[in-house]
Amino acid sequence: SDFVRLLGIGHQALMDGKVSGEPAAFVIRHMEIDFLRPARIDEVVEVVTTCAEIGGATLTLDQEVDYRAGIARELMNIGALHVEQGRYAEAEPLYLKALRIRQHALSSKHPDLGQSLNNLGLLYKNQSRYAESEQFYKKALAIWEQALGPNHPNVATVLENMAELYKKTGRNDEANALLVRAQKIRNI
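Counting the sequence shown from 1 gives a position; this note's numbering is that position plus 42.
Hints listed in this document are in silico derivations from the structure and should not be mistaken for laboratory results. Glycine included, every Cβ here is placed at the ideal spot set by N, Cα and C. Zero decoy hints are in this set.
Derived pair list, reagent style DSSO-like, types lysine-lysine, alpha-carbon separation capped at 30 Å:
| no. | residue 1 | residue 2 |
| --- | --- | --- |
| 1 | K139 | K181 |
| 2 | K151 | K181 |
| 3 | K209 | K226 |
| 4 | K226 | K181 |
| 5 | K180 | K210 |
| 6 | K180 | K226 |
| 7 | K209 | K180 |
| 8 | K226 | K210 |
| 9 | K181 | K209 |
| 10 | K210 | K139 |
| 11 | K139 | K151 |
| 12 | K151 | K210 |
| 13 | K139 | K180 |
| 14 | K151 | K226 |
| 15 | K151 | K209 |
| 16 | K180 | K151 |
| 17 | K210 | K181 |
Per label pair, the in silico range of CB-to-CB distance:
| no. | residue 1 | residue 2 | range |
| --- | --- | --- | --- |
| 18 | K139 | A173 | 17 to 25 Å |
| 19 | R71 | N168 | 53 to 61 Å |
| 20 | V69 | T91 | 16 to 24 Å |
Put together the whole structure using the sequences plus the hints.
Have a look at this one:
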């Protein structure tokens, strides 16, 4: 019933016929849950719900709990706070751990992996570790172009980040070319 509620459909609206024009009710007749391990109250988890089967009067949902995705996201968020505060040495191990988690849990073309790489590029640029920064930016760019398409805002973001890096290292022509490309994406 939470799934239906998250879609913005309340039980009273269903019963009043406001959803489909006919009065209806959402009833859970059967539920099966397999607990693979106990969760702790403070654990960050991501629950992915997919529709496995739709029948005349049935809807079968599958759910998977991914502890790693939520943990990686929280590590990235905490790392970003450290970066904002200039505490780069504290951010790096968090970013690297999130990257390792995502590399093991996700496809090599997953956009979240691109985010980890882009954030490491930013961190290393801020630390004047320019060669490492460029490597991470290039990897993030390749993933985001492939996963999200060449005109996605994330692609523009990494292009802008690379342009800033190139300006810092005196590669102004390359920086300007990237900024032009990023601006074209932003104007789409």
